[in-house]
Each structure stands twice: as structure tokens, then as C-alpha cells.
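Q: Listed below, chain by chain, are the residues.
Number of protein chains: 2
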Amino acid sequence: MRLAALLLFFATVFAISRVDGYIEQDVDCLSWHLAVETNNVRNWKLVPEECEQYVGHYMLGKQYRKDFKIVANNTIEYAKSLTLVGDGKDIWIFDIDKTTLSNLPYYARSDAIWLILGHYHTMTQSLTSGLWRELCHQYRGLCVYQTLLPLGFKIVFLTGTAERFKYIRIFNLKAAGYHTWEKLILKEEADQGTSALVYKSKKRTELVDSGCRILGNLGDQWSDILGDNSGNRTFKVPDPMYYIG
Amino acid sequence: MRLAALLLFFATVFAISRVDGYIEQDVDCLSWHLAVETNNVRNWKLVPEECEQYVGHYMLGKQYRKDFKIVANNTIEYAKSLTLVGDGKDIWIFDIDKTTLSNLPYYARSDAIWLILGHYHTMTQSLTSGLWRELCHQYRGLCVYQTLLPLGFKIVFLTGTAERFKYIRIFNLKAAGYHTWEKLILKEEADQGTSALVYKSKKRTELVDSGCRILGNLGDQWSDILGDNSGNRTFKVPDPMYYIG
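Those protein sequences? They're chains Z and G, same order as listed.
Position in the first sequence (first residue = 1) + 50 = this note's numbering.
Position in the second sequence (first residue = 1) + 50 = this note's numbering.
None of these hints come from the bench; they were simulated from the model.
Careful, some of the hints might be misleading.
Same chains, same names: a pair is fine if it fits in one copy or spans any two.
Dumping the calculated SDA-like pairs for lysine to any residue here, alpha-carbon to alpha-carbon at most 20 Å [claimed, not checked]:
(1) Lys216 to Pro98
(2) Lys119 to Asn93
(3) Lys112 to Arg263
(4) Lys119 to Ala226
(5) Lys252 to Asn124
(6) Lys216 to His107
(7) Lys112 to Cys101
(8) Lys252 to Ala212
(9) Lys116 to Arg92
(10) Lys216 to Lys233
(11) Lys95 to Ser131
(12) Lys112 to Gly281
(13) Lys119 to Trp94
(14) Lys224 to Met109
(15) Lys116 to Leu276
(16) Lys119 to Asp78
(17) Lys233 to Leu110
(18) Lys95 to Tyr128
(19) Lys116 to Phe221
(20) Lys112 to Glu99
(21) Lys112 to Lys233
(22) Lys95 to Lys116
(23) Lys116 to His229
(24) Lys216 to Cys101
(25) Lys119 to Ser131
(26) Lys130 to Leu199
(27) Lys130 to Ile220
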């Protein structure tokens, strides 16, 4: 009986591999994740119920950080391989949510919502459902940013966040270590209702029309890196949490 | 001592999870694989040495089949959602190698090379280094094909294989169950030296110029599904074995 319990314990411990703490009973979640990351599965509204545990453990465990790290390393390697013109038109585009700033602590802490509300109440004097997005911490995106800046890239943050949240975004970008940028493009009232793909394509085309060269583009959604003028090279940050089309 | 051996046995058995028979000591191979599948890592020549075991077990184990299956299911779901014009111009493009036909038995059997040589010697009366590519078996791609055909899609096989192998390809397509198609496009002498991306874009543009509507496109390489006229929707079959740009 004791031996059986011991074996069960070891079986449990060693079954943990793909993501910390996640015991792979239904490996189709791995296939679903791969299919999502490769843009084979699109327009999904929610993580499949049977994969909620997988996604939770993936995002909060080591594998997500490792997966993000290899993307960041390849981004940096590519950026370093370029020769810039240096006329201020060498642009790198960053998405913000889940690329530049993270909302993961929101999911990790049961009391996080109170922290956010308390924090932003003083910032905005109003509470909105979108505010949870603003609990941010430093991220792999920051390593990329910190490498690109001294190389001479001009940074453009392109986000689907509404214009009215501009100063919260600025506050959080600066708090996380993003101290300077060429442009911070937020979604104006006129663009509300436009899909992310169309909106971001339009904004990038405006940049190109003004003479900018988009040399790179980093985002966690395919709608960040597909469409018109997506950039000479694009990089996809893992994100099995939600889909924005 | 016996208990220790027993525990080691269970530890080994239960450590096998992501891919059959592969014990995850260096999980960065998972990150590398994800980065490859998402087109973050490009122009790689060889599987990193430390990931050879991972890739071998992945391809020959259950996970590859599951990963391919979800792609096939999503392809079929999308295809069924379409309303075709039915004028013979509703096109679906299939890559051949690793999408439509598999060369996996080549890797799985140590004697496979002899089988191939024996088989194709009678086919071509000459032996070339490319012939190993022709040992094929039925594949997930066939399920997609068999669903698309009665829906009214016209099938175009678009491959980087040289024109001189045309009849070997036809033989193997038919042997695997692909009994009919609209076009089988192989790489002509004039296109040798052209990258897969440029070559496939050119051939697809010719199809579109002739009035075809490319409704879907299935391939294992990003160069199959990026570029001009890639199709209304594209699907990426997993492939951590090689990169064709």
C-alpha cells in the first residue's frame, strides 16, 4: 500500500514536463496550442474548457518564458544583422499587451483586481472594466527594446487600446522601463469597430507613406504581424490566452 | 536497491509525455520547435544537434500525428463552411512533400533506402539522390483531399520537385490514393535556382491570372503559404525536420 502510494507520487512528479505543474492527460491541448500559434485555428473566443488548466500552467510556468526568450533572442539576432540608414526612419513596431507589457500578475494573484482598482482610481478618477489590462510588469519585450534602442531603431508602439487610456499606457510603459519612443499609436474613436488587422495595417501604411521603413514588428497576435506593410520581418510572441482578429 | 531501480523505471516511464519515448531533459527543444513552427526561426540548415532526438521522437511518435490531425480538422471545417461557385475555378492548393505524401518510412526503417532504390530503379532506370523522397505512405493530407474533392474543390498540387520526376510523383500520388487533380505543377528547368517562396508565388499568380480562385492552401513550409496569392486561407502542417525558404 505504501509502495503504491510512493509510486503514484513519483508518477505524478515525473509526469510534469511540458509545463510546470501540468499533468498531461489530454495532450490534444498541446496540439491546440500549436495550431493556435501557427494561425491554423482562428477566431476562437475562449480557451477550450479542457485546456484551461494547460494554458494556466503554461503561462505561469517556465515554458512560456522559455518560448518567449527564443523569440526575443531571434528578434535581437535579426535586428543586429541590419545596417540602418540612420535618418530617423528606421522603425521597429511593438504591440503593447502581452508583448511589451504583461497582465499576467492579474491572473496570478487573487487579490490583483483590488490592487489595480486602487492603483488606477488615483490615475483616472474612474473605474472601467478595461483597467485590469494595466497591471504590468517587466517583460522579455523589454530586452528586445533595450537592445534595439542603442542600435538606432526608432520605436513605434502600436496598440488597439483606446486613445482615452493614453496616459495610463504612458505611465505603465515608463514604469516598466520603456523610457522613450518615436510614436505611441492608440485607437482613435473613428477607428473603433475596425478589426485589429485592418486598423494596424492602416496605421503602418501611414508610417510607410510618411517615409518610414518598418524593419521589424513584434506582437503576440497574428493580427499584429499580418496585413499591409507588416514589416521586413515579423516575430510572433506566444499567446494561447486570447485571439484578436 | 530494488526499490531504487523500480522508482527509476517509473520516473523514466512517466517522464515521457510531450513526445513518445522522448525524455525531456532539454526543454528548449520545445521552444525551438514552437519558434520554427511560428516562423520566428528562419533559414535554418539543420535541426540543432541537441534536438535531433526530440525531432526524431516527435515525428515518429503520436504527437506529430495529433498535431497534424488538428490542422486537418480545421482545414476541413473551413472548407465545408465555403460556398463554391462551381465553375471549375474553385481551387485548393496542396504542397506534396510532408503534406500530401510522407517520406517518414525512410527515417523509420534502416533498410528503407534499399527498398527505395529497388523500387525506383524499375521506375526511372536511373538512381538519383532525390529518390528517397519518393517512399510515400498515406497521410493526413489524404483525409483533407478526400473531403475537398466531393465538395467541388479543384485540386492543384504545387511542388518544388523537378519536372523530370513527374511520373514518379504521379505514380506515388495515385498509389497513396490521390486519384484525380486539376493540375500538378512541378518546377521547370527555367525555375531551378528560384526560391520556393518566389517560385510558388509565381505559379499561384499564374493560376489567379487564369481566373482561378485560390480558396485554400495547405503546406508544411512557410514558403508554401506566404507570398503572393497565397490563398483566402492557409494552413501550416507541422514540420521541424527541415526549412525551405
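Q: Does each hint fit the structure? Answer for all of them.
A: Evaluated hints:
1. Lys216 to Pro98: Neither: 33 Å inside a chain and 44 Å across chains, both beyond 20 Å.
2. Lys119 to Asn93: between (26 Å within a copy, 19 Å between copies)
3. Lys112 to Arg263: neither (35 Å within a copy, 44 Å between copies)
4. Lys119 to Ala226: within (18 Å within a copy, 41 Å between copies)
5. Lys252 to Asn124: For Lys252 and Asn124, the Cα distance exceeds 20 Å both inside one copy (27 Å) and across copies (29 Å).
6. Lys216 to His107: The answer is neither: 32 Å in one copy and 49 Å across copies each exceed 20 Å.
7. Lys112 to Cys101: both (17 Å within a copy, 19 Å between copies)
8. Lys252 to Ala212: within (16 Å within a copy, 41 Å between copies)
9. Lys116 to Arg92: between (24 Å within a copy, 18 Å between copies)
10. Lys216 to Lys233: Close inside one copy (12 Å), not across copies (53 Å); limit 20 Å.
11. Lys95 to Ser131: between (38 Å within a copy, 18 Å between copies)
12. Lys112 to Gly281: Cα proximity of Lys112 and Gly281: none, with 30 Å in one copy and 37 Å across.
13. Lys119 to Trp94: For Lys119 and Trp94, only the inter-copy Cα distance (18 Å) is at most 20 Å; the intra-copy one is 26 Å.
14. Lys224 to Met109: neither (24 Å within a copy, 45 Å between copies)
15. Lys116 to Leu276: For Lys116 and Leu276, neither the intra-copy (24 Å) nor the inter-copy (27 Å) Cα distance is at most 20 Å.
16. Lys119 to Asp78: Classified as between: cross-chain Cα gap 10 Å, same-chain 24 Å, threshold 20 Å.
17. Lys233 to Leu110: Answer is neither: 31 Å inside a copy and 48 Å across each miss the 20 Å cutoff.
18. Lys95 to Tyr128: Classified as between: cross-chain Cα gap 16 Å, same-chain 33 Å, threshold 20 Å.
19. Lys116 to Phe221: Result: close neither inside a copy nor across copies, 28 Å intra and 44 Å inter.
20. Lys112 to Glu99: Neither. Shortest intra-copy (22 Å) and inter-copy (23 Å) distances fail the 20 Å Cα cut-off.
21. Lys112 to Lys233: For Lys112 and Lys233, the Cα distance exceeds 20 Å both inside one copy (33 Å) and across copies (47 Å).
22. Lys95 to Lys116: neither (26 Å within a copy, 22 Å between copies)
23. Lys116 to His229: neither (26 Å within a copy, 45 Å between copies)
24. Lys216 to Cys101: neither (34 Å within a copy, 44 Å between copies)
25. Lys119 to Ser131: Result: close within a single copy only, 18 Å intra versus 38 Å inter.
26. Lys130 to Leu199: within (11 Å within a copy, 48 Å between copies)
27. Lys130 to Ile220: This pair counts as neither: shortest intra-copy Cα distance 27 Å, inter-copy 46 Å.
Checked against the numbered hints listed earlier, the structure breaks hints 1, 3, 5, 6, 12, 14, 15, 17, 19, 20, 21, 22, 23, 24 and 27; every other hint is satisfied.
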